[in-house]
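Protein chains in written order, with my numbering: chain W, 169 to 309; chain X, 195 to 532.
Please note that the accuracy of each hint is not assured.
Said to hold, decoys possible - Straight-line Cα separation of at most 25 Å, DSS-like style, residue types lysine-lysine; simulated pairs: (1) Lys246/W x Lys532/X; (2) Lys246/W x Lys528/X; (3) Lys516/X x Lys439/X; (4) Lys526/X x Lys246/W; (5) Lys416/X x Lys476/X; (6) Lys516/X x Lys225/W.
Claimed, not checked - Covered stretches of chain W, as calculated for chain X (at least 3 residues, CB under 8 Å): (7) 210-219; (8) 275-287; (9) 295-301.
In short, the hints are calculated from the structure, not lab data. As the structure is a prediction and not an experimental result, all values here were calculated from the model. Glycine is no exception: its CB is placed at the ideal position from the N, C-alpha and C atoms.
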Amino acid sequence: MAHVSVPMYWRTIPQRYRLVGHKCRKCGNVNFPPKGVCKYCSASSDFEEVQLSGRGKVHTFTLIGAGGAPPEFAEQEKAGGSYPVTIVELEEGPKVIGQMADVNPKDVRIGMPVRAEMRRIYSEEGVIRYGFKFVPATEGA
Amino acid sequence: MALGISGYGVSIPRFRIRKEDYTKAWGSFAAAGVNEKSVTGFDEDMLTLATKVSRRALESVPLPPAQVSRLAFASTSAPYTEKLLSGTILTGLGIPNETFASDHTTSTRAGTEAMIAGFEHLAANPSGRALVAVADAPTASMWDSIEHGMGAGAVAFVLSQDDVLAELEGHASYASEHFGERFRPREEERLHDLNVKKFSEGSFVTNTTKAASALLKKLGRKPEDYAHAVFQQPDARAPASVAGKLGFQDPQLATGMVSAFLGDLGAASAPMGLAAAFDASKTGDRILVVSYGSGAGSDALSFRMVGERRSAVSVAQEAARKEYIDYVQYLKLKGAIK
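Chain W with its partners taken away, still in its complex shape (with noise of 0.2 Å):
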């Protein structure tokens, strides 16, 4: 298993739960998940917490199946099958991978609009470790 440290999953919780980024002060670009130095412009630290949208596009995927799942998404692959993993392309620009969920995996297309929503990643040393997972778009929601 792919094993983070409570104290290290904990630091990073506004950008699990909520995809709080940073905007980076000197070029103006968001980066997520926060970086020390902006990948964009390699010549800043400083940053703002900006909170993004949680909205944008499939801009590619795969499915996970048997077999194909790490360690600690195996049991949930035998639960519910295989499932899509995603990389999403947000409103704000940054491309974050992560799960997609509510959908049934042959649904998925490139440039369907996506949400993110907090969801259970998995469960380690009994904690379970929340993070966002993208569902299709639905009118409001």
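With the hints as your guide, set chain X onto chain W.
Same frame as chain W, but now just chain X:
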């Protein structure tokens, strides 16, 4: 300024199982009037659902999370039995850490209990904004017939004294000592029910009619003043017994009868019925909501519609977004096969 509800949001997990699948597996289906029910997905729990409906409720106003001054979460099936639960929701939404957050658990009355806690906050803090999130997916042993009706769903309300769509006219409660119905001793993993039907029905009817009639008396209202009446729905037949005693008619119950297609939503049962009534109400309509929790207690709340602003996602829309699963898939999702 009127105290009331200024926004709401609902969410129903997309999986459904039909009563026929239970009949195939067990030879019978014990939840009267329930045709199908909702089931949570593998990566959902009451905190993820509560966070989702809270966001929907805030957006329906709209109200920025930073302005929430009180958060109350209710569920009988939260993922932890000890640990602050509302802290997860607060963090998931970006509500200030200084906001007083509370958890309401251990009884299916918890949903209305959280609503009353929210209203009490507003009575003391007129410019406050309370967020009440109720999510429930009660769980029992697959061998117990009370399990048959248990569904899943979540509802959130934004309470304020400003720009309300439903004004709170008043509330009343009744609490008493009853036992043997729907209880879980500390050392047990699952709910118990001694299946003493008459005794349980007696508790249900007594507590709900006492709370409801106290409220009607306090407000000087009669059943016919209400366009919609919502009662706790352990199944789709239970409300009729209470409604009949109080003098409400079937058409008043129809709008809020969500258990027929969602099952027993536990603490979210009466709140989901209220949301369905909001979806259908006109300005001037009165709505009575009566919850029940075994043990036992009941809260009754009376609302008057003063606006027609809807949530962006209605109960009917959420109910229509579904995917059927069979009984074996159900057992896997419920974690009944380890």
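Status of each hint after checking the structure:
Distance hint between Lys246/W and Lys532/X is fulfilled; the C-alpha atoms sit about 11 Å from each other, no more than 25 Å. Distance restraint check for Lys246/W and Lys528/X: the Cα-Cα separation of roughly 13 Å lies within the 25 Å cut-off, and the hinted pair is therefore satisfied. Between the alpha carbons of Lys516/X and Lys439/X the distance comes to roughly 36 Å, so the proposed pair goes past 25 Å and is violated. For the hint linking Lys526/X to Lys246/W, the alpha-carbon distance of about 9 Å falls within 25 Å, and the restraint holds.
Taking the CA atoms of Lys416/X and Lys476/X, the gap is about 19 Å. The hint holds against a cut of 25 Å. A threshold of 25 Å between alpha carbons decides the hint, and for Lys516/X with Lys225/W the separation of about 23 Å falls inside it, so the pair holds. Interface restraint, the stretch 210-219 of chain W with chain X: violated (1 residues with C-beta to C-beta distance below 8 Å; minimum three). Counting residues of the stretch 275-287 of chain W whose CB falls under 8 Å from any CB of chain X gives 3; the rule of at least 3 is met.
Counting residues of the stretch 295-301 of chain W whose CB lies closer than 8 Å to any CB of chain X gives 3, which reaches the minimum of 3, so the coverage claim holds.
Hints 3, 7 from the earlier list are contradicted by this structure; the remaining hints agree with it.
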